[in-house]
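J.: Sequence order for the protein chains is A and B. Just so you know, we're using the numbering used here here: the first sequence kicks off at 625 and counts up by one. Just so you know, we're using the numbering used here here: the second sequence kicks off at 687 and counts up by one.
Keep in mind that the hints were calculated from the coordinates and are not lab data. This one's a predicted model, so the numbers in the text were calculated from it and none came from an experiment. No residue lacks a Cβ here, since even glycine has one placed at the ideal position from N, Cα and C. Where hints are given, some of them may not hold.
Claimed, not checked - Not everything, but these chain A residues come out facing chain B in the computed CB check (under 10 Å):
1. 640
2. 703
3. 707
4. 711
5. 723
6. 724
7. 732
8. 733
9. 746
10. 749
To be verified - Computed far set for chain A versus chain B, every beta-carbon distance over 12 Å:
11. 655
12. 661
13. 662
14. 673
15. 674
16. 698
17. 758
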Amino acid sequence: MQTKRPFILIEDDEVDILSVMRAFKELNIPNKIEVVKNGQEALEYLENVKTIKPSLILLDLNMPKMNGIEFLKQIKANDKLKSIPIVVLTTSSNNVDINKSFENSVAGYIVKPMDFTSFKEVIRKVYDYWQTCELPD
Amino acid sequence: MRSKKPILLIEDDLIDVMTVNRVFDELNIKNDIIHKQNGEEAIKYLQSNNHESPCIILLDLNMPVMNGIEFLEEAKNDDELKKIPVIVLTTSNDERDVAESYELGAAGYMIKTAEYRDFVSTIKEIESYWTLSELPD
Chain A
625 MQTKRPFILI EDDEVDILSV MRAFKELNIP NKIEVVKNGQ EALEYLENVK TIKPSLILLD
685 LNMPKMNGIE FLKQIKANDK LKSIPIVVLT TSSNNVDINK SFENSVAGYI VKPMDFTSFK
745 EVIRKVYDYW QTCELPD
Chain B
687 MRSKKPILLI EDDLIDVMTV NRVFDELNIK NDIIHKQNGE EAIKYLQSNN HESPCIILLD
747 LNMPVMNGIE FLEEAKNDDE LKKIPVIVLT TSNDERDVAE SYELGAAGYM IKTAEYRDFV
807 STIKEIESYW TLSELPD
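With the hints as extra help, turn the sequences into a complete structure.
T.: In structure tokens, the structure reads:
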């Protein structure tokens with residue numbers, strides 16, 4: 625990822641938000657993380673003209689208001705936003721969630737490990753992959 | 687990769703096909719490689735009754751008959767095929783190719799380098815990420 629554009633984290637759980645922040649910090653990932661609490665907030669944020677288009681979206685699935693799958697359907701139907709790669713980051717290893725996410729063109733589906741060391745390793749691998757990838761403008 | 691299912695390689699350049707095979711051997715990646723020469727052959731194969739469903743698709747863009755972008759359009763319009771992650775692997779760093787690929791739901795876009803060691807790193811990155819990520823049925 626030759627871009628320094630921010631990541632968006634769509635996550636409602638405070639503890640999970642903190643562990644993503646901590647992992648980014650410890651791994652010295654320079655990209656900023658913008659946090660939004662659910663799919664609806666994320667869409668409002670992304671549709672704001674002042675928003676810098678993110679390089680990548682990290683998406684939790686179980687959230688109030690608009691959940692992850694509902695968010696995916698909305699964003700993939702939006703011509704301006706559908707090119708942003710979305711990686712699901714969730715505790716759910718449910719097959720239905722996995723299949724539905726891939727049917728809606730996610731670019732990865734990661735089950736969050738419980739302990740922080742493993743979680744940090746997960747974030748490192750996700751970052752490395754997207755660092756190697758070209759990304760849309 | 688996380689799955690034991692084969693990988694579908696859509697590539698018209700036979701030297702590149704040999705290189706991918708060689709890198710898979712070198713990195714000890716166990717997944718079989720099914721090779722198709724262009725998008726049309728790949729779609730025909732994937733829609734046939736006796737095909738083996740691949741866990742991921744590695745897709746070249748510049749191919750005769752049906753190119754990579756046309757393949758993505760077809761695959762993402764097919765309810766059965768649209769959930770298979772497609773990673774673009776190409777020499778093109780044209781911004782339009784990058785944008786169009788992601789708009790059509792590509793799950794990564796990697797540049798093929800002429801340098802063999804760099805190519806090994808690229809495949810290693812793909813293997814590491816798609817071992818971490820869950821995959822659809």
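J.: Does each hint hold? Answer for all of them.
T.: Against the structure, the hints:
no. : hint : in the structure
1   : 640  : violated, 18 Å
2   : 703  : holds, 8 Å
3   : 707  : holds, 4 Å
4   : 711  : holds, 8 Å
5   : 723  : holds, 5 Å
6   : 724  : holds, 9 Å
7   : 732  : holds, 4 Å
8   : 733  : holds, 4 Å
9   : 746  : holds, 6 Å
10  : 749  : holds, 5 Å
11  : 655  : holds, 17 Å
12  : 661  : holds, 24 Å
13  : 662  : holds, 22 Å
14  : 673  : holds, 19 Å
15  : 674  : holds, 22 Å
16  : 698  : holds, 15 Å
17  : 758  : violated, 4 Å
Consistency note: the structure conflicts with the earlier hints numbered 1 and 17.
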